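Protein sequence lines, in the order shown, are assigned to chains A and B.
What the first sequence shows, in our numbering, is residues 11 to 540, in sequence order.
What the second sequence shows, in our numbering, is residues 11 to 540, in sequence order.
Treat the hints with caution; some may be incorrect.
No copy is singled out in the list; a pair is fine if it fits within one copy or between any two copies.
[Stated by the list, open to error] The calculated lysine-lysine pairs, modelled on BS3-like cross-linking and capped at a C-alpha distance of 27 Å, are:
(1) Lys84 <-> Lys535
(2) Lys170 <-> Lys227
(3) Lys196 <-> Lys227
(4) Lys148 <-> Lys385
(5) Lys322 <-> Lys341
(6) Lys227 <-> Lys201
(7) Lys170 <-> Lys214
(8) Lys212 <-> Lys227
Calculated directly from the structure, the hints in this document are not laboratory data.
Since we're looking at a predicted model, the values are computed, not measured.
There are 2 protein chains.
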Amino acid sequence: MQAVNSGTTRRQLLTAIGLVGGAAALYQAMTTMGHAAETQFHGPPKLDGAKPGASVLVLGSGLAGMLAAFELSKAGYQVKVLEYQPRAGGRNWSLYGGDTYTELGGATQKVGFAPGNYLNPGPWRIPHHHRTLLHYCKVFGVQLEPFIQFNHNAYVHSTKAFGGQPKHFREVAADFEGNVAELLGKAVNQKALDADLSAEDKEKLLEALRNWGVLDKDMRYVSGLQSSSHRGYDRPPGGGVDGAPIPSTVLDFSGVLDSKVWNNMAFFMNHEMQTTMFQPVGGMGMIGKAFARQVQPLITHNAKVTQIRQDKAGVTVAWTDTQSGTASVSKADFCVCTIPLGVLNQIDNNLSPALQTAIGAVPYSNSVKIGLEFKRRFWEEDNYLYGGHSFTDQDIGLISYPNNHLFQDGPAVVLGAFASGMGAYRLTGMTPEERIETALTQGSVFHPDNYRREFSNGASVAWSRVPWTLGCCARWNEETRKDYYQTLVAVDDRVVLAGEHASYVGCWMEGALLSSIDAITRLHKRALEA
Amino acid sequence: MQAVNSGTTRRQLLTAIGLVGGAAALYQAMTTMGHAAETQFHGPPKLDGAKPGASVLVLGSGLAGMLAAFELSKAGYQVKVLEYQPRAGGRNWSLYGGDTYTELGGATQKVGFAPGNYLNPGPWRIPHHHRTLLHYCKVFGVQLEPFIQFNHNAYVHSTKAFGGQPKHFREVAADFEGNVAELLGKAVNQKALDADLSAEDKEKLLEALRNWGVLDKDMRYVSGLQSSSHRGYDRPPGGGVDGAPIPSTVLDFSGVLDSKVWNNMAFFMNHEMQTTMFQPVGGMGMIGKAFARQVQPLITHNAKVTQIRQDKAGVTVAWTDTQSGTASVSKADFCVCTIPLGVLNQIDNNLSPALQTAIGAVPYSNSVKIGLEFKRRFWEEDNYLYGGHSFTDQDIGLISYPNNHLFQDGPAVVLGAFASGMGAYRLTGMTPEERIETALTQGSVFHPDNYRREFSNGASVAWSRVPWTLGCCARWNEETRKDYYQTLVAVDDRVVLAGEHASYVGCWMEGALLSSIDAITRLHKRALEA
């Protein structure tokens, strides 16, 4: 350790260990050095020594496909990418004013947002520990800005609590913590937990509960300035003669429990949701565009894959140009297939039966996002909300305030729904117009005065109606992981699958990238053995 | 209500009520309308009808003084501002490379930061509910950006816990919540709280605790993937063959209690500290500069006030030009005095004895801030920390990572200390060089490999050594509020005091502004009666 701290840097040593011993040795070394591995990303893949002339066909130009194309061509492979859409980026996608989108079923939306405004139908936030994505954002010049994930002042709404009146997160969360602290303090003082806590820890715990839960000297959570210092005031502290604050009144604990605010509190503590988070300046789609700038000459757009065949000689992919209707065939030594499983499952192929079974075994989640453009930022001006989410148990799930151009005049886009489960199914069944109408009705619980008054226009994406994914993302469970995951990710002779579906970071761009790195690293090894 | 929702906007109605009925009527109306008064700011003061020729002398060009000058001159008063410093802004202040600062005792620091980097010695973050400040920032064109207050990945360090090893906030906070949930669940299941909870609420509470505290099916908080989903993993989920996550190990609960992480958890729930927060682009001092652009012609700099006298005829202020040594006298009908109390207390005056007593009765807090410039953002690159604070029980109190220019290469400034209490006294007693050395030693607990290696240069401000404030800000307590506050804020014949010390939002710019609005509103009334 001394040597590490004085001479070589940790990073230099870790890089050396990684090069010599591989990922497992690297992981062990990092853990030993107390440098907990907060990511599985250890730098871009080292794919040295591609066989001269070896070729790889990449199917799909989402982030996984483009990363594979970028790194494999850098390593010396001859790479060609086939992409169904006229656009690269896949689910990394922003809808801007002027864009047109047609969903399965034929409904077409012409987006009417003002210049600079957008909806991110797919990914919309980047955790600080998604190191692969952040690495390539930096390398490819994607400018990032903070995504305001946590907003104490935003609302929590439940149709089953407080007569359907939304409450500020700060109020309900403070009251939850205060009541939990008071109840646990009572139990401790009644010696109910003497078997679990030493006398010393009991004292420390009581001190902790008093401070964390803003309890009074009798260990009670009551209305007053003390609880108001967490939950907010009826009139906050001010200046001059009338400067004294007026405390607020704590909510009924049954109501607090009914609101299920603990859901939201746990959400914010979810490792994937923890601060600090980021978004690209100008929309999430900027990432796809930046990747595309690196590999655009390799991509053939409007190419609908109709058949995948492999044999001793190589891989043969048949595809149709969706513009001209012309049928073509592309051949290569190997193939990285990033086509979403629901689509891939419908493509004729001679992959191994086990892989075919795995491809068909993983269901995709549904999800619906709706963007609502309003004429002014009333949530900022009238409600003091800057970014963050107001949660509801209605179908829309939440509304989320924009994180860019804070304080600016003019129109801005609120995420008017991020629905999943039953809510998403119901919204998916509607026309785009009905979805907007539903989003306005349900979102009005938070902003009754302004939501309809200031509304300008909207757009929606229901992921099970997206023609090129047929769903949002792969929904693994413990059972399917055990039965199919290793088969799905294994190199199948000359073909390897990559994408968020081939990762444990499902539904995140990071999963797609980590999957891609792992897939091409193993494919490269396979290619050298060939 | 119906009329409000359909025709007039709430804001229009509230403005009308405010104009007719004043602040009290406005407050009542807002509360009645369910529009909780989240601020005491109801728009700029309405100071119509100044007596032609009436004059006001403003002492001090901090935010309170400049706001008074701006609004009073707008209302038609003849305003002159006397300022001790060559710079306007007061405690709203940023130190940049090339700046020179001399503290009481004579130590002079020449700041060596790279262009664009800065230390905010005074205020450094703006809560979303500080509406007065945000209003004037918008009106005066101050560009704001998010201040990243909450960072789950930053560290908590206690010399008394975990052998002095810092832990991530997420780890200790998750373990605190998990243990609290498990203990309370146990107490509930042992029927220890049957007197406090209905059977129905017991069930709801158990469901809440299980989810909020990520407990297992037996209501235990244990090491595993479930607790890791909050506290973080030993190896997080990844992609491909080795994608499965490796769970982390929960900490000993005694250690968690010793770490006093509940202090930090309560800090984040403090209304004044809650997200979303902001900072001006380019340093907090941009606000003072923006205010100064509005009133600069009214300000006389380098004017040291030596005497304040009032009589039937008006207010007479004697002052010395600190550059030339020339003594001068300024006269006006009225005076707004924003000089910090510790300095004002030393100026010869004939204010009422009661006010003089009040001025001398309020002690000022101490506090020390240290800025450390490092050659690269190792906290981002190696530790995945973007903004936010790492807390310690050492003298430095915390270190805070920069919120601007995230992901950029090149040098950046960390707030290397924000000390108060005994820590601040000890740091104040040191030379600037010793402060830097102490900050490097203590901050190294968080970043042992990089803190000294990457250090470039630093600067410090110990507020009780600041010549023009003699302390950081007014430290009221319940006792002094009762005895002196109303006297301090009352118009004393022709003089009224304003500043954060004349507010309940002590130590915040918002307090200075709200105090100033209230003071000049009452002074204007007094002037009309004169």
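Which earlier hints can't be squared with this structure? Failing hints: none at all.
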